[in-house]
Amino acid sequence: MAEDKTITLTLKVWRQKNAEDKGHFEIYKAKDINENMSFLEMLDVINDTLTLNNQTPIAFDHDCREGICGSCGAMVNGVAHGPVSGVTLCQLHMRSFNDGDTVVIEPFRAKSLPVIQDLVIDRTAFDRIIAKGGYISVKTGSAPEANDTPIEKKKADASFDAAACIGCSACVAACPNASASLFVSAKVSHLVLLPQGHAEKKRVVQMVDQMDKEGFGGCSNAYQCQAACPKEIKVENIARMNREYIKEKSIR
Amino acid sequence: MLKLSTIQKKQIVGITGLAMVGFVLAHLSGNFLIYKGPEAFNGYAKFLHDLGALLWMMRAGILASFLLHMGFTINLVITNRKARVNRYYKYQNHRSESSLATQLMPLSGSIILIYIIFHLLDFSLADKVGIIQGIDYGLYGLVINTLKDPIHAVLYIISMASVGLHMYHAFQSVFQTFGLMSEKNQPRLVLASKVLGVAITLGYSSIPVYIMMNF
Ligand code: HEM
Ligand code: FES
Chain A
1 MAEDKTITLT LKVWRQKNAE DKGHFEIYKA KDINENMSFL EMLDVINDTL
51 TLNNQTPIAF DHDCREGICG SCGAMVNGVA HGPVSGVTLC QLHMRSFNDG
101 DTVVIEPFRA KSLPVIQDLV IDRTAFDRII AKGGYISVKT GSAPEANDTP
151 IEKKKADASF DAAACIGCSA CVAACPNASA SLFVSAKVSH LVLLPQGHAE
201 KKRVVQMVDQ MDKEGFGGCS NAYQCQAACP KEIKVENIAR MNREYIKEKS
251 IR
Chain W
253 MLKLSTIQKK QIVGITGLAM VGFVLAHLSG NFLIYKGPEA FNGYAKFLHD
303 LGALLWMMRA GILASFLLHM GFTINLVITN RKARVNRYYK YQNHRSESSL
353 ATQLMPLSGS IILIYIIFHL LDFSLADKVG IIQGIDYGLY GLVINTLKDP
403 IHAVLYIISM ASVGLHMYHA FQSVFQTFGL MSEKNQPRLV LASKVLGVAI
453 TLGYSSIPVY IMMNF
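As given, the protein sequences belong to chains A and W, one line each in that order. Residue 167 in the numbering used here sits at position 167 of the first sequence, and the numbers go up by one each step. Add 252 to a position in the second sequence, counting from 1, and you land on the number used in the numbering used here.
Since the hints were made in silico from the structure, they are not lab data. Small disclaimer: the values here were computed from a predicted structure and weren't measured. Hints may be right or wrong, so weigh each one.
To be verified - Straight-line Cα separation of at most 20 Å, SDA-like style, residue types lysine to any residue; simulated pairs:
no.: 1; chain 1: A; residue 1: K111; chain 2: W; residue 2: T331
no.: 2; chain 1: A; residue 1: K249; chain 2: W; residue 2: G431
no.: 3; chain 1: A; residue 1: K111; chain 2: W; residue 2: Y340
no.: 4; chain 1: A; residue 1: K12; chain 2: W; residue 2: N338
no.: 5; chain 1: W; residue 1: K342; chain 2: A; residue 2: L11
no.: 6; chain 1: W; residue 1: K342; chain 2: A; residue 2: T10
no.: 7; chain 1: W; residue 1: K342; chain 2: A; residue 2: V104
no.: 8; chain 1: W; residue 1: K255; chain 2: A; residue 2: D209
no.: 9; chain 1: W; residue 1: K342; chain 2: A; residue 2: G78
no.: 10; chain 1: W; residue 1: K342; chain 2: A; residue 2: Y28
no.: 11; chain 1: A; residue 1: K12; chain 2: W; residue 2: R339
no.: 12; chain 1: W; residue 1: K334; chain 2: A; residue 2: D122
no.: 13; chain 1: A; residue 1: K17; chain 2: W; residue 2: Y341
no.: 14; chain 1: A; residue 1: K247; chain 2: W; residue 2: L432
no.: 15; chain 1: W; residue 1: K436; chain 2: A; residue 2: E152
no.: 16; chain 1: W; residue 1: K436; chain 2: A; residue 2: A156
no.: 17; chain 1: W; residue 1: K255; chain 2: A; residue 2: E214
no.: 18; chain 1: A; residue 1: K247; chain 2: W; residue 2: L256
no.: 19; chain 1: A; residue 1: K111; chain 2: W; residue 2: N338
As the list claims (entries may be wrong) - Computed list of chain A residues with no C-beta within reach of chain W, every gap over 10 Å:
no.: 20; residue: L9
no.: 21; residue: E20
no.: 22; residue: L50
no.: 23; residue: T51
no.: 24; residue: L52
no.: 25; residue: C69
no.: 26; residue: S71
no.: 27; residue: I151
no.: 28; residue: E200
The beta carbon of each residue, even a glycine, is placed where N, CA and C say it ideally should be.
Bound conformation, chain W alone (with noise of 0.2 Å):
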């Protein structure tokens, strides 16, 4: 593919993935906006969608992300399957190199790229109407709606622990993939790069449990 070598290919990997994950994390201070009511939520909904043109710019930028990263991380997984299509009857995985999160990430990016199609449906591309107790809501009612059903919240939380799954390994891997990594400072980037996976899982998550308790 384009005569880019397999370290260039990564960096693409790893630069369209950084860029989601501050996307990720502005998503979720975004959300957090939950907690303090319909007025607050809906209204940084709508203050998106007043800036327009800026809005359209930055969803290009998000989608050409996603895109170039999973097209680049396919392609580079087919070729490392084909490096490695010779198998061992037994072979030993040094868990003290890498976590399961290292082995998983082709598992853990596929359960999100079905999400997202499932999370465009259920709240962007939805009518934004979300009638509570006979009063109309809006963006506010419907997420309260959608993820008041067990089904979905569970659903929801499965696909926010391989996002964290995700960041576990990622956030450090970048800086590897970038030449950023040394032994001094490797530990730090590991705990910091856990710690991401493990605070996003917990934060995206706590919305869906709230609901749950309190409507």
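Excised from the complex, chain A in its bound form (with noise of 0.2 Å):
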């Protein structure tokens, strides 16, 4: 087999030791990095270093490393999850480097996002936008019978696609307004579009409110979060909650 390629990186890290602290660049240099390595695998080698020197290593948010839990994140050269589209930075490959570049890493940014260490950030705003409503109340007890609720499937499909969505905050990160829009209206596109999703439809108002209780900004439009979005979920799904917003307010 042949040798697998190593390329040299200088990294410049935001480090921050906490929510209060101002923070600051620190450069690193990355040292023959195997290409097949994953993004935080590089990051694992370089925490190894640091802890082998008595220093702190920096701070990242991680679970699954395959792209599914949503915890992961950062902006990589002002993108966010980095230079490759649909995936997460967890999933992302040194390969998409060049020996020699300079790395710029800094936490997903927003006022709502406040930064606990380094790159790990405070998502608790997520979850109580979730609690408006981005659920659906069921029975508990055995299983139904699947074909009992017959449904189209252009609408299963639009579904399915805006129930992709991992909650990684990367649309709030790389929007100008730092609007949670993409995300909302994830939740309630994958939730209005079933009908076990229709108890609850008032969920729309109930989980805008929220958005912007917690101070995210409002959507101008400017689909930064589409482009951003590692499960690929699209403003169309934003045009979608507006539309729902309009119905259950002239409902009532």
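Can you join these two chains into the complex? Each is in its own frame, and there are hints to help.
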């Protein structure tokens, strides 16, 4: 087997001790990085060295490392989740970089998603939005008959596409207004398109109100969220949210 | 402000903006009468004035749209800037998703605002006197004499480019704001919006160019 290619990078990483700290950039050399590593594995390597040198490792969130949990994420050279579209940071490979590159790594930023430490941010604002209606009420017990409720293929597909949202907050991070519209619209679309989601249809109003209350911005239709989303959620969902919002407001 | 959500505020911005797009198009078709000569142009102005109460209702409508549009955009821009106090050291905008016109909405809007003030002073509030070679051509003459001045003409064209730039983003944006945009109709709406923006700029700008070449 051919030897794996390695690259050497200069990292410019945001270091911030805690929420109160002002934070600053720190430069690190990432020497002989195996191209087949993921971005997070590369950070693991840096952190090993930092630990051995009695320095505080770079804090970053991660869990599944396969693009399904939504824990990871950072701005890499000004792009949420890095230069490859449709993937999370943990799915980004080092072969996307060239030997000698300088890589700027910053946390996702927004007033409503404050930094806790280094690249770790507080996303509980998302939880509070979900608590306002990002769920359905079902009777527990034995599983219902699968074909009891027929659903149009088109609707099922659209709902499924929206359900791909992992709540990573890249949309907020990329938005010039730090708006959570793509996230909220994905949750609203996912549920409103299915009959099971109809009981709590007023969720769109409650979730949008909570989004505003949390201090996220409004949507200016700049669609930077769509480019940033690792799950390729479309802004069509925001149109649907706006539509549902008008419907729910005019019914009452 | 008023307990309205960001979505509702944006919808007010959209509907008042759309009303103003209608005004901008109607105004342009009126302006084109300048090519038919003083009788046609002044006749149209007289027709509008003779509408009396109806004209004042239209003026009130457009003024209300303007004030609401401006008030709510300023309010939204402040909300949006506050949400984005934490800026990036490095940030890459995806041009594939939104044009420069989108980013420049507050700027093009502000230029339009300044323009409107001077526009009202130049034409609406001025004495309708325009003497060309010893003869008073009224409003027609006033327009010719004002836009004959290269400084006026250039500032006018810059303002019309701002209106065009605003429209370049605005028209299609309203469809998204009201939930009428889909992946299917988006390319057509975006194209229509761009055509509208360019057409408005060229249409309005043709008038000072015509005047500078012929008077
Ligand atoms: C003839 C005058 C004007 C017309 C026809 C017009 C039209 C429009 C339209 C149709 C929109 C799109 C709304 C949407 O996305 O749903 C818009 C947005 C906007 N307008 Fe205007 N506008 C005018 C004047 C102004 C002025 C004077 C200002 C600034 C003081 C302004 C600032 C803005 C801003 C900042 C937006 C974007 C709002 C956002 O995305 O959140 N506009 N305009
Ligand atoms: S760690 Fe789970 S999505 Fe990246």
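So, going through the hints one by one against the coordinates:
no. : hint            : result
1   : A/K111 x W/T331 : holds (11 Å)
2   : A/K249 x W/G431 : holds (14 Å)
3   : A/K111 x W/Y340 : holds (12 Å)
4   : A/K12 x W/N338  : holds (18 Å)
5   : W/K342 x A/L11  : holds (13 Å)
6   : W/K342 x A/T10  : holds (15 Å)
7   : W/K342 x A/V104 : holds (7 Å)
8   : W/K255 x A/D209 : holds (10 Å)
9   : W/K342 x A/G78  : holds (5 Å)
10  : W/K342 x A/Y28  : holds (17 Å)
11  : A/K12 x W/R339  : holds (16 Å)
12  : W/K334 x A/D122 : holds (18 Å)
13  : A/K17 x W/Y341  : holds (18 Å)
14  : A/K247 x W/L432 : holds (13 Å)
15  : W/K436 x A/E152 : holds (19 Å)
16  : W/K436 x A/A156 : holds (18 Å)
17  : W/K255 x A/E214 : holds (14 Å)
18  : A/K247 x W/L256 : holds (16 Å)
19  : A/K111 x W/N338 : holds (6 Å)
20  : L9              : holds (15 Å)
21  : E20             : holds (14 Å)
22  : L50             : holds (21 Å)
23  : T51             : holds (26 Å)
24  : L52             : holds (28 Å)
25  : C69             : holds (24 Å)
26  : S71             : holds (20 Å)
27  : I151            : holds (19 Å)
28  : E200            : holds (18 Å)
This entry satisfies every hint, going by the numbered hints stated previously.
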